[in-house]
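A.B. asks: Protein sequence lines correspond, in order, to chains A and B. Taking my numbering, the leading residue of the first sequence gets 1, the next gets one more, and so forth. Taking my numbering, the leading residue of the second sequence gets 1, the next gets one more, and so forth.
Where hints are given, some of them may not hold.
Copies of one chain are not kept apart here, so a pair can be met inside one copy or by any two copies together.
No more than 30 Å apart at the CA atoms, straight line, and that leaves these computed lysine-lysine pairs for DSS-like [as the list claims (entries may be wrong)]:
(1) K212 x K107
(2) K198 x K298
(3) K212 x K281
(4) K207 x K13
(5) K204 x K13
(6) K212 x K105
(7) K143 x K281
(8) K207 x K82
(9) K87 x K207
It is worth saying that the hints were derived from the structure and are not from the lab.
Number of protein chains: 2
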Amino acid sequence: MADVNRQVLLVEKPAGKLGPEHFKMSQGAMPVPQDGEVLLRTLYISLDAANRAWMHGATYRSALDFGGVMAGGGVAEVVESKSPDFKPGDLAFGDTGWQDYAAVKGKHLTKLPRVPQLTNLLSVYGIAGLTAYFGFLDIGQPKEGETVVVSAAAGSVGSIVGQIGKIKGCRVIGIAGGKEKCEWLTSELGFDAAVDYKGESVFKALKAAAPKGIDVYFDNVGGTILEACLAQMNIGGRIACCGAISQYDGVPDAAGPRGVPGLIVVKRLRMQGFIVTDYFKDQARALKDLQAWVAAGKLKVEEDVIDGLENTPQALIGLLAGENRGKRMVKV
Amino acid sequence: MADVNRQVLLVEKPAGKLGPEHFKMSQGAMPVPQDGEVLLRTLYISLDAANRAWMHGATYRSALDFGGVMAGGGVAEVVESKSPDFKPGDLAFGDTGWQDYAAVKGKHLTKLPRVPQLTNLLSVYGIAGLTAYFGFLDIGQPKEGETVVVSAAAGSVGSIVGQIGKIKGCRVIGIAGGKEKCEWLTSELGFDAAVDYKGESVFKALKAAAPKGIDVYFDNVGGTILEACLAQMNIGGRIACCGAISQYDGVPDAAGPRGVPGLIVVKRLRMQGFIVTDYFKDQARALKDLQAWVAAGKLKVEEDVIDGLENTPQALIGLLAGENRGKRMVKV
Numbered sequence: 001m002a003d004v005n006r007q008v009l010l011v012e013k014p015a016g017k018l019g020p021e022h023f024k025m026s027q028g029a030m031p032v033p034q035d036g037e038v039l040l041r042t043l044y045i046s047l048d049a050a051n052r053a054w055m056h057g058a059t060y061r062s063a064l065d066f067g068g069v070m071a072g073g074g075v076a077e078v079v080e081s082k083s084p085d086f087k088p089g090d091l092a093f094g095d096t097g098w099q100d101y102a103a104v105k106g107k108h109l110t111k112l113p114r115v116p117q118l119t120n121l122l123s124v125y126g127i128a129g130l131t132a133y134f135g136f137l138d139i140g141q142p143k144e145g146e147t148v149v150v151s152a153a154a155g156s157v158g159s160i161v162g163q164i165g166k167i168k169g170c171r172v173i174g175i176a177g178g179k180e181k182c183e184w185l186t187s188e189l190g191f192d193a194a195v196d197y198k199g200e201s202v203f204k205a206l207k208a209a210a211p212k213g214i215d216v217y218f219d220n221v222g223g224t225i226l227e228a229c230l231a232q233m234n235i236g237g238r239i240a241c242c243g244a245i246s247q248y249d250g251v252p253d254a255a256g257p258r259g260v261p262g263l264i265v266v267k268r269l270r271m272q273g274f275i276v277t278d279y280f281k282d283q284a285r286a287l288k289d290l291q292a293w294v295a296a297g298k299l300k301v302e303e304d305v306i307d308g309l310e311n312t313p314q315a316l317i318g319l320l321a322g323e324n325r326g327k328r329m330v331k332v
Numbered sequence: 001m002a003d004v005n006r007q008v009l010l011v012e013k014p015a016g017k018l019g020p021e022h023f024k025m026s027q028g029a030m031p032v033p034q035d036g037e038v039l040l041r042t043l044y045i046s047l048d049a050a051n052r053a054w055m056h057g058a059t060y061r062s063a064l065d066f067g068g069v070m071a072g073g074g075v076a077e078v079v080e081s082k083s084p085d086f087k088p089g090d091l092a093f094g095d096t097g098w099q100d101y102a103a104v105k106g107k108h109l110t111k112l113p114r115v116p117q118l119t120n121l122l123s124v125y126g127i128a129g130l131t132a133y134f135g136f137l138d139i140g141q142p143k144e145g146e147t148v149v150v151s152a153a154a155g156s157v158g159s160i161v162g163q164i165g166k167i168k169g170c171r172v173i174g175i176a177g178g179k180e181k182c183e184w185l186t187s188e189l190g191f192d193a194a195v196d197y198k199g200e201s202v203f204k205a206l207k208a209a210a211p212k213g214i215d216v217y218f219d220n221v222g223g224t225i226l227e228a229c230l231a232q233m234n235i236g237g238r239i240a241c242c243g244a245i246s247q248y249d250g251v252p253d254a255a256g257p258r259g260v261p262g263l264i265v266v267k268r269l270r271m272q273g274f275i276v277t278d279y280f281k282d283q284a285r286a287l288k289d290l291q292a293w294v295a296a297g298k299l300k301v302e303e304d305v306i307d308g309l310e311n312t313p314q315a316l317i318g319l320l321a322g323e324n325r326g327k328r329m330v331k332v
């Protein structure tokens, strides 16, 4: 066991776009677990748009500690345990932060099974798959034959949402940035159509791709794309609010989308937010379905694994720019 | 039976604020009911902020016919029937329009009981009471001890929502315009607090009146008041979207409230719209509760009855300016 704990520090709150200058590599002391805590060795760090949202202040987690280790979830192995719930060698998901080692309270960790492919614990069987599953099915409540739209469709969550939509018999339209991603959605993942928000008017392209209107919109981005979808929702439509990437990397818009609340009333829409951690207690149901779909070849798993803790800042910066396809993570 | 049918025509689409110049009194021929239709004599016309919203174009009803009779719901008596479901002397609720007589399809009418006080069929036992009941209880799902905020609280729907909130054991805060209305809410209707949006900062006054945050917000107004409430919602809060009065009389805001969808995600909020007519099939349950609460003295009924069809335009213009307390209607 190394006695050095490499860490990525978040040195200051970014005023505009996130850049490498906001991070610094450092070395900390090896953490010593207290009663109830577990010493973890980080294996894979999950990269999520939410990491950037946290920098704006308190969200569903407390505000970040600027100058300290950057927060983030990861898959880790238990090195030493002072919690009755864990023993050395166990795998766990938790907020390790961007560092080699972390001491975390056992009650804040989720125990993970030793699957053949550990990266799947962050993608399809982890935060991405569970977010897609619960947000789309429990909040979106799609019915066979309905039209589903998902934004950030080539991302970790969106790519799974769209495929579950096809499994459930829906017409699925993905919104993504760039022709290449759009082609991938339709040719590889079975989406019925894809809209390139960088190359065409989202409003018009959706009109053409969803001539019967939208029944479920899974929103990862907020902003003008949400506005375009709101205007085309059908009566009784559902909007699952998963994230607002368009608002995270810089100064958020001074106002929200037009149509709130007017269209919500007229069309009897339901807009509902959720956080995947609220559903962790219920994950057995999701994992059973997700595993069956993967085994049957109905759900393709796309992962984007970057090597080396020192590359974590650039991996997040690139994710915010839409570089990734599928679940991005860093192998520590 | 008179052979003259007085009518209020909507002569053009208002570009800004609604004024008397947008209406014209006229006389039409007595309508002749066709097969399946009923000839109605209008008794009371319901005035609702939604009347103004319809002028913007298609909503949950088709666009208005400018130059034609102004649309509007009312309580009417059946004069002649070519529908198997109605006979002369029956009372019905339907879209009579602003006129003495109308021929309406029987299937578009709701039969009404002959209660002692016919005005109650538009207030507590009609569109206002049912809107408050279903929107607050079914969409808002208040729990005992929670904090409820309702806007346009001195209006027909808001005044009932707040009183149901007290019946359900909630802390209830009303938002209304002017000191007099606010005092009426707390002293007469039992609200715990009232915020005068014309006289104080809604955001700050809510902070003081709802120190534990807001669990249910019943939104009649949209705009900046919705924005102030969104910012103070608790995790898991519900927003029942009933209307957007602030957006109806003039040019709607170019953008929506800040916090959509960011706060909806972070706080796992549910924002949901509804239209009372969707619940008409289920009204027996509501009427039973509403009647029991009125009988027990727990629910006070406030009505604002204006006399004369010719005064209907001014009655609507005044309602949009916040003149009324309780349910406004015109006795034809």
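A.B. asks: Indicate, hint by hint, whether the structure satisfies it.
C.D. replies: Results for each hint:
1. K212 x K107: Classified as between; 27 Å across copies, 47 Å inside a copy.
2. K198 x K298: Only inside one copy: K198 and K298 sit 29 Å apart there, 58 Å across copies, limit 30 Å.
3. K212 x K281: For K212 and K281, only the inter-copy Cα distance (27 Å) is at most 30 Å; the intra-copy one is 37 Å.
4. K207 x K13: Answer is between: at 27 Å across copies they meet the 30 Å cutoff, but 40 Å inside does not.
5. K204 x K13: between (37 Å within a copy, 27 Å between copies)
6. K212 x K105: between (50 Å within a copy, 29 Å between copies)
7. K143 x K281: Both ways: K143 and K281 sit 25 Å apart in one copy and 24 Å across, limit 30 Å.
8. K207 x K82: Answer is neither; intra-copy 57 Å and inter-copy 43 Å both fail.
9. K87 x K207: Close neither inside one copy (55 Å) nor across copies (47 Å); limit 30 Å.
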